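Enquirer: All chains should be modelled from the sequences, with the hints used to inform the complete structure.
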Amino acid sequence: MSEYRVNEHGYYGSFGGSFIPEMLYPNVEELRERYLAILESEDFQKQYHQLLRDYVGRPTPLYLAERLSERLGASIYLKREDLCHTGAHKVNNTVGQILLAKALGKQKIIAETGAGQHGVATATVCALMGLECIVYMGQVDMERQKPNVERMKLLGAEVRPAMSGSRTLKDATNEAMRHWINNPADTHYIIGSVVGPHPYPDMVARLQAIISKEMRAQLKEKTGTENPDYVVACVGGGSNAAGAFYHYLDEPSVKLIAVEAAGKGVDSGESAATTFLGKPGVLHGSKTLLMQTEDGQVTEPYSISAGLDYPGIGPLHAHLFDSKRAGFLAVTDAQAMDAGIRLSKLEGIIPAIESAHALAALEQMELKKSDVVIVNLSGRGDKDLETYIKWGGY
Amino acid sequence: MTQDSRLKLNRIDQFFQQRNEPVLNIYFTAGFPQPDSTRTILSGLQKAGADLIEIGIPFSDPVADGPTIQQSNKKALENGMTLRLLMEQLKGFREEVQVPVVLMGYLNPIVQYGIEQFCQDCEAVGIDGLILPDLPMYEYQIFYKEFFQKHGLHNIFLISPQTSEARIREIDANSQGFIYMVSSASVTGAKQGISQEQLGYFERIQQMKLKNPKLIGFGISDRESFQQASRYAEGAIIGSAFIKLLEKLEQPEQDIKNFVESIKQPATQSAK
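These protein sequence lines map, in sequence, to chains A and B.
Just so we're aligned: the first sequence equals residues 3 to 396 in our numbering.
Just so we're aligned: the second sequence equals residues 182 to 453 in our numbering.
No lab work stands behind these hints: they were computed from the structure.
Here the structure is a predicted model, which is why all the values come from computation and not from measurement.
Careful: at least some of the hints might be erroneous.
[Stated by the list, open to error] Here are the simulated lysine-lysine pairs, DSS-like style, with alpha carbons at most 25 Å apart:
#1 B:K326 x A:K281
#2 A:K222 x A:K257
#3 A:K104 x A:K155
#4 A:K148 x A:K266
#5 A:K281 x B:K255
#6 B:K390 x B:K228
[To be verified] If the Cβ cut is set under 10 Å, some of the chain B residues that face chain A in the computed set are:
#7 E269
#8 Y287
#9 Q343
#10 S345
Using N, Cα and C, we set each Cβ at its ideal position, and we do this for glycine too.
Expert: Following this line, the structure appears as structure tokens:
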């Protein structure tokens with residue numbers, strides 16, 4: 003048993019667990035009892051992989067970025083999750099969870115979303131399966147991400163503004179959990195990241211693990227070895243990183259680099275770099291690293307990238323940090339924007355600002371000519387065009 | 182002190198042994214509406230005749246609470262309320278208030294305070310029990326029970342209409358003080374009045390003849406719903422309706438007295 007897999011009580015080392023009100027216990031317990039059997043069933047596997055291939059467009063390419071490699075003095079491969087249907091890796095999870103919801107006999111779907119990517123990916127699979135979909139989104143985020151709000155509506159979802167607290171992702175998650183408390187019987191909650199009570203972190207990681215499964219096969223085909231020297235991914239809640247790291251967790255020769263958003267600087271007071279600023283705490287159903295006050299009130303994170311704007315990280319990542327299995331780097335808004343613009347010019351790929359954080363981290367790493375690096379390019383930058391325009395400098 | 186508390190009967194148990202009327206438990210959020218309201222409300226509630234008092238520890242992300250209690254949490258935090266400040270405010274409250282008092286709160290502020298220190302301070306100020314909705318039974322038994330028991334604090338579990346019979350039995354076996362019966366699938370303050378479906382659930386639980394007393398909460402807001410709930414359980418808990426009163430409090434002592442009386446007094450002046 004790997005020390006990086008969840009244990010039977012839902013823990014990764016000292017992080018994880020299932021800290022939920024009793025009202026949600028039956029739902030979460032049903033998931034806990036059934037998710038592995040469903041995910042491993044022949045029926046599920048067949049439908050999941052068929053949809054990933056025919057609907058999502060997998061496998062996504064592993065692309066050797068030659069001009070970027072030349073600049074950095076190492077071999078840089080990009081895992082092109084940006085080419086997934088809906089524009090990011092998020093859909094790998096929602097395709098899996100919608101099949102799971104059907105297997106559980108649920109008719110309604112709820113989700114939370116920050117930038118709107120997970121909301122769009124959820125609305126998409128609900129349209130595909132003909133299930134009712136309600137997405138909670140902070141009112142502030144709805145204003146910042148109008149095109150995604152309209153995409154969700156166009157796909158037939160109802161978008162409900164979260165009006166409580168700071169009206170961003172954390173509050174949208176609170177509202178989704180409250181909705182689930184109020185509607186436990188017929189509703190499945192599709193959490194978008196490797197956060198929440200057990201079994202969500204493990205379930206979402208398993209559904210995103212396709213990323214590293216493909217990486218291994220593709221790298222072997224290209225270089226003769228499955229294992230790169232580094233895998234680099236950005237971390238908000240951490241679902242794309244969990245997927246990119248998953249099949250490398252027990253390969254100690256592969257260094258795992260998780261990149262957090264430093265916002266205006268780790269110590270600026272406007273940051274989302276949880277491992278630098280957080281302490282162990284309990285939020286949204288799990289014990290993990292959390293940005294908070296001395297009194298235990300959860301603080302509002304900041305990043306230019308709405309997808310990294312979350313005050314915690316998944317319990318798996320807290321454990322990878324604690325056990326030093328993964329290295330954690332922090333990248334500022336400015337560094338990420340520079341890296342995003344650079345990739346656009348060098349490779350003709352406009353990355354999501356989340357993914358640009360992973361690219362910016364390469365500049366901080368001491369790479370050797372012989373190093374093989376895979377960067378998980380988790381999403382494309384179409385949704386961020388307005389932010390790029392405002393930032394300028396290109 | 183610890184040894185005394187083990188020998189001493191917990192105020193909650195003492196109370197339920199003696200009671201013969203329906204029990205009214207009132208919830209309020211510490212630090213709301215004013216940062217220093219805690220003691221005024223506590224003594225006001227005791228004078229008005231509340232049987233049990235539940236003090237909420239404000240938290241930034243109260244997921245089991247509806248808009249009314251969320252707002253009171255937000256306001257309390259803006260008022261500068263903290264768990265440390267609450268413990269300070271509670272020092273000496275037992276000179277004025279004799280009814281059982283429990284703290285309700287989400288786990289994170291308590292984890293940051295330090296669980297052992299928290300339990301020790303609760304005992305020192307005279308708290309009798311804890312309601313921590315996001316502390317599940319498994320975690321309680323492995324990590325928390327030892328400290329709660331050492332400091333004479335009852336842990337009060339919730340059950341809901343979705344809780345299975347087997348789990349209710351397990352919760353009953355592990356509970357002390359009373360069981361908090363959530364009246365419907367909802368967050369606090371979401372529903373008004375009691376439906377037929379809920380009465381069916383109340384009856385089902387009543388027939389289970391649990392060893393612990395039960396108080397019904399969520400959606401109890403007035404005399405009618407209080408009395409209805411009290412036919413199936415030892416009493417009921419009012420939260421959001423009392424917070425709404427506190428929002429527009431003018432003469433604290435009198436307003437609280439009128440509120441409690443409006444719920445407890447027999448329906449002699451009813452218009453119906």
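Enquirer: Hint by hint, say whether it matches the structure.
Expert: Hints, verified against the model:
1. B:K326 x A:K281: Distance ~23 Å between K326 of chain B and K281 of chain A Cα, so the pair holds.
2. A:K222 x A:K257: 17 Å, holds
3. A:K104 x A:K155: Distance of about 22 Å is within 25 Å: holds.
4. A:K148 x A:K266: Measuring from Cα to Cα gives roughly 24 Å; hence the hint holds.
5. A:K281 x B:K255: 22 Å, holds
6. B:K390 x B:K228: 33 Å, violated
7. E269: 13 Å, violated
8. Y287: 8 Å, holds
9. Q343: 4 Å, holds
10. S345: Holds. Min distance 7 Å.
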